[in-house]
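Peer 1: Please build the complete structure, drawing on both the sequences and the hints.
Protein chains in written order, with our numbering: chain E, 1 to 127; chain Y, 1 to 359; chain U, 1 to 130.
By construction, these hints were calculated from the structure, which means they are not laboratory data. Mixed in with the good hints, there may be bad ones.
[To be verified] In silico DSBU-like pairs for lysine-lysine, Cα to Cα no more than 35 Å straight-line:
1. Y:K47 <-> E:K107
2. Y:K159 <-> U:K54
3. U:K105 <-> Y:K159
4. Y:K237 <-> U:K105
5. Y:K85 <-> E:K51
On a predicted model such as this, the values are computed, not experimentally measured, just so you know.
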Amino acid sequence: MAEGEQPVNAVKLKELLGEAEAYKEKGYRLVHICCTKLAENSFELTYAFDKDYKLENLRITAARETEIPSVTKIFPGAFLYENEIMEFFGVAIKGVSVDFKGHLYKKKVEYPFAVDTDKVDESCKKG
Amino acid sequence: MQKRIVIPFGPQHPVLPEPIHLDLVLEDERVVDAIPSIGYLHRGLEKLVDKREFPEYVYVIERTCGICSFIHGLSYCQAVEEMMKIEVPERALFLRTIGSEYSRLHSHLLTLGCLADGMGFENLFMGFWRVRERVLNRMEESLGGRVIQGTCKVGGVRKDMDGEMLERMKAELDVLDKEMKEMTGVLLRDDAVKYRMKGIGVLPKKDAFELGAVGPTGRGSGVRIDLRERGYAAYGKIGFEPVLETAGDCYARTAVRCRELLLSTRIIRQCIGKIPDGPIETKVTGNPNGEYASRVEQPRGEAVHYAKGDGGRYLKRFRIRTPTFANIPSLVHMLKGYELADVPVIIMSIDPCISCTER
Amino acid sequence: MSLFRMAKTALKNLASKPATQMYPAKPARKFKSTRGRVENDMDKCILCGLCQRKCPCVAIRVDRDERTWEIDRFRCVTCGCCVEVCPVKSLRMENDYTKSTTEPKMKDSYKSTNPNIPGLKPAPQKKAKA
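Peer 2: Structure representation (structure tokens):
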């Protein structure tokens, strides 16, 4: 494959907006925002930026109560990613330009991706 | 002050191939705002990563979408192979490229047919799908399936194509070219069709870049993002130029797709000419550890498959960011200011693949 | 003015034969690598259960006590994973499709006819044949 490194910069919460602004000044575009559950109340958000097909990542770690500032003022197209993370994981993101307030997806379980699969209905288990 | 009314569009609508819901805020007949609502096809495929070991998970990922299934499988295999540092043999890379380009042909023919149907031109819709049947027959013969191929696996591909089959494919490409030129000629040059597409749904280049438009939606506005230039699979060994238009309206996006059809047949001819002999797979030992984001060019744009493993048989996290997910903010921006009757044509021109968006 | 561009193609289509086929009156078109349905050769099968573990759809059920191998045709997506991992190559992919049915379930159960299965006592004589 032609792809080389994909550097990951771990930053603190208050540096997030400054770093995102810096990437925008340099001409990068936002590719995606991904949330991974590390432990019971610990989530890791990865923001990926791209320019000329080179990918760079920003990473922050947050708990459910942490208020994360939204990047929609800098990258207007990010509202869908942030709404999806709020609905599936329960992480709080403040200031999203288009806030669906929990109604983007219709779901039965409150925060589906933050629940452990073993605790789900027996009928879904692999036989 | 004109009165505003809200009209629901979808999830069931004759022009939509897949369910998406839009609340259109109208003043008289002009759209002022649009609020998307997705979630009708959500199957929680990303959560299945806890339950299926990583070699079998490729079958789940392939079934994310029926139109772009081959390239989803390819991207997953690339992500895991990069994490585990596996070298895929060259013949397998060329076979994967041929499969990707056939998949792109079939997807563009499907979309152009659905766009014609959205305008009410059913004869052209049937004409495009008739050409598509040729492509599907070739895919079934060589790769193993019309819609879901099941060819890519971690370490290579599962089926080989012998020399005689490649010669037959090459001969058929000339017939395909002729038929496709005839059909796209109607779409691009007929006056009635042009009247419904020119100047509708304009997306300026600056807005396209800021909102994150990818694929033909972005390339129709002049944003040069074509992940095949990165050189994954065998694209690094093949010379081609991405197709760009500058007008940014529905006609430009359709023209990009029509020209990409002919570009795909050129790429397949080059692959058949340059394919080397050799094995088609390598043995896979060990488990994935680390993380990697594999990016490929699907027919609709850039897809990102982010995988994270921690050394066990099950991956820890797998996330797919599909091109339609990135194009929805552009769609909402594009709809403002146009009439209600233009809405189906604008939505079909970005080529929505909702089953990918809701995996 | 460029109108009626499609007229030539439309008239040609009217004059030629249809592109579709009268299925099921005529058999479906198939190729050598069409994935139709999974079949098991019960003379060779050793009931190891590897296909059951690897199946991504949980469609196969192997019962060593009853000596049966069962497949749920509605769950099977003919991916071919079981055919690849079978250690004795008793599973194969046929290239014609399963016939449709009006029943809500379609589980095919086969009894083993292999007298030498490692780990199991040989079957009693009266239960043997094929």
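Peer 1: Are any of the numbered hints broken by this structure? If so, which, sorted upward?
Peer 2: Number 4 only.
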